[in-house]
Amino acid sequence: MHPSALSRSSQSAIYLRGFTLIELMVTVAILAILASIAAPAMQNQIAASRVTSTTNEMLAVLAQTRSEAVRLGTAQTPDFSKIPDRSGVSVSGDLAGSTITFRPDGTTANTGTLIIANDVRSRTIQVLGSGKALIQP
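Numbering of the sequence shown is given in this note's numbering, commencing with residue 1 and proceeding in unit increments.
To be clear, the hints were calculated from the coordinates, so they are not data collected in a lab. Here a beta-carbon is modelled for each residue, glycine too, at the ideal position from N, C-alpha and C. Any given hint could turn out to be false.
[As the list claims (entries may be wrong)] Each pair of labels, with its calculated beta carbon distance range:
#1 101 <-> 33: 38 to 46 Å
#2 130 <-> 29: 40 to 48 Å
#3 56 <-> 32: 46 to 54 Å
#4 113 <-> 40: 25 to 33 Å
#5 68 <-> 94: 17 to 25 Å
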């Protein structure tokens with residue numbers, strides 16, 4: 001076998017290993033396109049999650065306040081300022097500007113709704129006269 005033939009075959013073996021620059025650039029371009037498609041969907045998911053989280057936190061505050069009113073035997077008012085990270089989420093509805101007070105027996109005179117919303121999602125909490133708070137479907 002000729003020595004130059006041996007060196008050619010070993011050189012071609014070197015080129016077969018690894019990626020070419022073009023292959024790498026095509027892969028990066030495809031990943032960039034996929035990321036640009038996924039980014040808006042991810043932002044919408046985060047916004048919807050904020051509404052769900054705020055709704056669940058408000059529901060928990062209402063339930064805890066009602067429980068405290070019964071346990072202590074005194075009227076209690078929920079404090080929604082303890083809810084973290086309400087950025088981008090608005091609260092409206094019949095009860096948004098009024099004070100909800102739970103009586104010692106767990107009932108409330110203030111019935112109505114709280115609507116928690118942003119540009120992506122909206123959820124409604126209904127407060128019943130019995131003091132129970134429900135998330136409307």
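Structure-based check of each hint:
no., hint, result
1, 101 <-> 33: 38 to 46 Å, "violated, 55 Å"
2, 130 <-> 29: 40 to 48 Å, "violated, 60 Å"
3, 56 <-> 32: 46 to 54 Å, "violated, 36 Å"
4, 113 <-> 40: 25 to 33 Å, "holds, 30 Å"
5, 68 <-> 94: 17 to 25 Å, "holds, 23 Å"
When held up to the earlier numbered hints, the structure conflicts with 1, 2 and 3 and fits the remainder.
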